[in-house]
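Colleague: These protein sequence lines are chains A and B, in that order. Counted the way my numbering counts, the first sequence spans residues 1 to 52. Counted the way my numbering counts, the second sequence spans residues 53 to 379.
It should be emphasised that the hints constitute simulated quantities derived from the structure, not laboratory data. Here the structure is a predicted model, which is why all the values come from computation and not from measurement.
Calculated lysine-lysine pairs in the DSS-like style (CA-CA distance at most 30 Å, straight line):
{"#": "1", "chain 1": "B", "residue 1": "K81", "chain 2": "B", "residue 2": "K127"}
{"#": "2", "chain 1": "B", "residue 1": "K127", "chain 2": "B", "residue 2": "K229"}
{"#": "3", "chain 1": "B", "residue 1": "K78", "chain 2": "B", "residue 2": "K123"}
{"#": "4", "chain 1": "B", "residue 1": "K368", "chain 2": "A", "residue 2": "K5"}
{"#": "5", "chain 1": "A", "residue 1": "K5", "chain 2": "B", "residue 2": "K333"}
{"#": "6", "chain 1": "B", "residue 1": "K368", "chain 2": "B", "residue 2": "K333"}
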Amino acid sequence: MNLPKIDLASLPGLDSAVGLFGSATQSGANYDDTVVVIMVYVHDVIQPGFLG
Amino acid sequence: MRLHPDISALRSDPALQRRAQSPLLKAVKNWRADPIAAPILRAFELYANGAAIDECGELAHLLTDHLAAMKFVEKWQDLFLEALSQEPLGQIPNRHNYAAGLATMQLFSAQGATLSLLAYEALDNAREPQSALFVDREIHEVVLAGEARGHHHRICKTGGPQAEIESSDQCWRVGAKIALRPRDETRQFVEINGMMLVLQLARSPQHPLESREYSLTDGSLIHQASGDKRASQDFIALDVLGALGRQDAIPAMEQMALNAAREANLRWEAVRQLLSLNAAKGMALLNRLIANNADPLSQPAQSLRQSLTAANSRLKQLAQEAGSCRT
Numbered sequence: 001m002n003l004p005k006i007d008l009a010s011l012p013g014l015d016s017a018v019g020l021f022g023s024a025t026q027s028g029a030n031y032d033d034t035v036v037v038i039m040v041y042v043h044d045v046i047q048p049g050f051l052g
Numbered sequence: 053m054r055l056h057p058d059i060s061a062l063r064s065d066p067a068l069q070r071r072a073q074s075p076l077l078k079a080v081k082n083w084r085a086d087p088i089a090a091p092i093l094r095a096f097e098l099y100a101n102g103a104a105i106d107e108c109g110e111l112a113h114l115l116t117d118h119l120a121a122m123k124f125v126e127k128w129q130d131l132f133l134e135a136l137s138q139e140p141l142g143q144i145p146n147r148h149n150y151a152a153g154l155a156t157m158q159l160f161s162a163q164g165a166t167l168s169l170l171a172y173e174a175l176d177n178a179r180e181p182q183s184a185l186f187v188d189r190e191i192h193e194v195v196l197a198g199e200a201r202g203h204h205h206r207i208c209k210t211g212g213p214q215a216e217i218e219s220s221d222q223c224w225r226v227g228a229k230i231a232l233r234p235r236d237e238t239r240q241f242v243e244i245n246g247m248m249l250v251l252q253l254a255r256s257p258q259h260p261l262e263s264r265e266y267s268l269t270d271g272s273l274i275h276q277a278s279g280d281k282r283a284s285q286d287f288i289a290l291d292v293l294g295a296l297g298r299q300d301a302i303p304a305m306e307q308m309a310l311n312a313a314r315e316a317n318l319r320w321e322a323v324r325q326l327l328s329l330n331a332a333k334g335m336a337l338l339n340r341l342i343a344n345n346a347d348p349l350s351q352p353a354q355s356l357r358q359s360l361t362a363a364n365s366r367l368k369q370l371a372q373e374a375g376s377c378r379t
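Sequences and hints are given; from them, build the entire structure.
Modeller: Below, the structure is given as structure tokens:
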């Protein structure tokens with residue numbers, strides 16, 4: 001079936017669109033402590049299950 | 053890059069790795085069974101399961117009595133320093149992070165709750181913040197060491213993109229307690245004298261509402277960001293699948309778009325990506341959304357279908373074929 005292609009960029013977002021998680025910056029704030037996300041780096045010295 | 057021979061040896065030898073980690077794992081076990089920590093851990097688990105702080109006796113006590121909190125933290129330090137002195141290349145199995153003057157160590161974590169130790173360092177270029185971020189997270193803190201100057205902000209009233217914010221200058225010293233309600237209270241440390249150590253209990257709901265950043269000069273809304281990490285991850289996944297042209301993702305997109313329990317913006321992104329991947333299925337999805345008047349996506353779907361069918365007769369035909377088209 002020959003379907004028309006809709007360009008993604010032509011499709012609007014919602015009026016209530018928000019940025020992705022963590023994209024708020026607090027201009028001028030000295031410590032970035034409002035949203036705390038700790039990325040887990042899995043080094044090759046850590047066996048699976050060793051992280052709490 | 054030069055690696056210390058001990059680290060190189062560790063990298064290639066799983067037995068050595070296990071040995072390095074062994075005293076730290078033992079420390080975790082001892083910590084969880086410790087007479088000081090165990091009742092607090094039990095109270096923390098209650099809190100993580102939704103109990104109010106006042107219902108979690110040991111935990112509430114910890115956050116109101118800085119001497120008790122200090123004793124608790126010292127116990128943790130003793131156990132892990134002892135383990136590290138045996139195996140200095142072992143990894144502390146608690147999640148931890150260091151960034152721009154702030155070190156974080158999660159002592160306990162369960163569901164959306166964490167009990168963490170935060171160490172703030174003085175910064176050379178400390179500035180007065182121009183905006184403040186309000187997040188969907190309940191916070192209880194007690195200062196264990198050091199002192200800081202900063203501000204407490206509370207949203208008194210919000211109306212559209214404007215908020216009335218009540219700010220007060222604060223000086224936090226040893227023993228100071230900070231309690232912040234989710235969404236409308238926040239605090240900012242501006243100037244730290246030397247170093248400040250804070251014990252922080254925090255809890256976020258399963259699907260946190262968006263974080264809002266307001267200007268402190270005029271109360272205008274500067275930015276909104278999703279407060280739901282999982283929703284943002286799914287949002288990015290939708291974009292990647294769409295960019296890769298993955299037709300096999302269509303059923304999952306459809307399911308996400310129709311799942312009223314998910315964030316509206318995430319569901320709408322599924323609609324956009326699906327329309328772009330397959331116009332026929334996308335138009336059918338719009339029809340289904342429109343049919344449910346109670347769905348917050350019903351109206352946006354109606355507007356989108358209107359504009360798409362007005363601009364393209366083939367799309368109008370597809371919408372009609374999919375049924376229930378009233379345009």
